[in-house]
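Participant: Once you've looked at the hints, dock chain B against the given chain A.
First to last, the protein sequences are chains A and B.
With the first letter of the first sequence counted as 1, position 353 gets the number 353 in my numbering; the numbers rise by one all the way through.
Count along the second sequence from 1, then add 1000; that gives the number in my numbering.
No lab work stands behind these hints: they were computed from the structure.
Ideal Cβ placement from N, Cα and C applies to all residues, glycine included.
Hints should not be assumed to be uniformly reliable.
Simulated DEER-style distance windows between Cβ atoms [claimed, not checked]: (1) B:G1011 / A:L167: 45 to 51 angstroms; (2) B:T1200 / A:A107: 19 to 25 angstroms; (3) B:A1109 / A:F53: 21 to 27 angstroms; (4) B:A1129 / A:K108: 48 to 54 angstroms; (5) B:T1200 / A:K108: 20 to 26 angstroms; (6) B:W1205 / A:G40: 35 to 41 angstroms; (7) A:E299 / B:M1001: 58 to 64 angstroms; (8) A:K108 / B:W1023: 51 to 57 angstroms; (9) B:P1153 / A:A16: 51 to 57 angstroms; (10) B:W1098 / A:A107: 31 to 37 angstroms; (11) A:F14 / B:S1184: 24 to 30 angstroms.
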Amino acid sequence: MSHSVELDHVGVTFGATRAVDDVSFTVEGGEFFSILGPSGCGKTTLLRVIAGFLKPTEGRVLIGDRDMTPLGPNQRPTAMIFQSLALFPLMPVWENIAFGLEARGIAKAERRKKADELLKLIALEGYGDRMPGELSGGQRQRVAIARALAVEPQVLLLDEPLSALDLKLRQHMRAELRALQKRTGVTFIYITHDQSEALAMSDRVAVMSAGVVQQVGAPRELYDNPATPFVATFVGETNALPCTVKGIENGIATVESAHGTLSGRAGDGLSAGATAKLYVRPEALKPNGGTNRLAATIERIDFEGAFALAHGMAGDGMPLVASIASTELAAAPAIGEKSGFGFESANAVVLPDV
Amino acid sequence: MSDLYRRFGGGLGTLFLALVGAWLAGMVLAPNVMMIDYALRPNLPPSQLGGPNDVYSLDNILYLANEGVHRAIFFKTVWASALVAFITFLVCYPMAFWLAQNATVNQTAIVLLALTIPFWINEVLRTLAWYILLAFRGPLNAFLLSLGIIDEPVRWYGDGGVLAGMTYAYILFMLFPIYNAIESLDKSQIEAARDLGASTWRIHWRVVIPHAKAGIATGCVFTFMLAAGSYVAPALLGAPGSRWFTEIIYNWFFEGGDWNRGAAYALVLLVLCLAVVLITLRIARVSLTEVAK
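In isolation and in its complexed conformation, chain A is listed as follows:
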């Protein structure tokens, strides 16, 4: 089993900026763990703290239950894959891959052998003597991964490595990364601002905003049970309906909104009388049925392929988005038509405003 990574009340301050504020979570050994957040939320800072490039202002980093806070990146069992990949452009591919072995004083013949094995693993057999500049984006990506794996790290740290690739390649590399992680059993900590990437690949995800971890959980958990308004809006599409809480019973909150009385599952810290928002996903809104009814005038329908997003305007001027499966588009309301949508209370969550 690979090492676990534990962050214990980690904080990082740059001058007057608080980049990371009191972050604590544990990544289990062998887990594919993502840190998701918008740019500038402190996720890369956090990754650099784990890698050892940055000493946290406070808190500790434990890798494999050992306190590694004072150690440098070359003394930690971690390997990082940089956003720019940072391949060495003047070394052939095999020397790139074997660089970590070279640093460990391993003989050249053995380095070459190991590099060739790794080239086989990443399906680039026979590319050892090429220069990185002669490879395509996806191939360079794989070389960077092989270079990191060559030192047999316990933890692989990935800093948005797919962001430079086009969509098709990115989807392909996602699957490949996931398969590689399962095969090697190495703990992956993956940084991304792309929520679909995080949801698709990870065992668990930490959502960060403004230096604070908002929620840690499995992708489904984040999507279905967001703990904070930020998570509710950042992870996936959602409709946020302003409302006032009238009462809470059996975990279901009844609220008063511009659409009348609605109900949804009550989030943490919700109390009667509080101003809150009711969050309901576009796919939970159905043209027919549902115990909670909303009305909106359809303004436009954006066709996205598998589904279409119907953008409507409610009576109070609030936008409303419903997702309609492409197979049901024929029965969809027309543009300009006033239409009713409904949702089940179990598919909505009410969170207090912060």
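Facilitator: Leaving out everything else, chain B in the frame of chain A:
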């Protein structure tokens, strides 16, 4: 060239071309052709110029080849210039790396200003400052004596003094090309190397220096050429035992009164310097166009 005409029109375009042509002819071609002409002719009294003895020959160059002392000084100048380039490199590389990769914007500005300001002063005066510093009863000896590092004053003038003076004089010519080269290195490459467990030495040897090779070669070429053609530092800071080849050339021109032999000596120095530079670049696999950048 057609682009030049399209942009500036016939009149202005031709003027620009003429100016460049005049500059090349007057500043580059003419002096060199004259030097070669002088070098290949014998030194004759005015009455015999154009006479039967005024013929082209390699006599002046062969004179150097057969004159043991001059020949030794010549080769010493070449390898000592290489040594100057190497020592300047050793001094500049760490500073250039620090400036390019680690220093803050303010630190870079202050250091570059501090390095540049002395160069607003004439080279002779700067060398004179070293002349004073290194004097037998000068501040350096006084300082070392007071610390007890030496028991009696050291005679710095000579090889050591020339080396120090030249290294100082050519720091910027080495620093800037290396600084520019290292600045363009993506910091994450250094981090990646460190992350993979490389020592500081290996990071520089395998990542930074290969990346900065063209800059290093440029700095070394500049420094080597300037050192080989230097006159002030050896004249002021040298000793009779540390004569520089330029001093011999000077002597032929202004004391020996033999301009032809002086020109021949200068020509040999030029050709050999060029050869050294081109061979070095070939060995380092850096093309001349990279240096010109």
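Participant: Enumerate the violated hints, using their earlier numbering and listing them in ascending order.
Facilitator: 1
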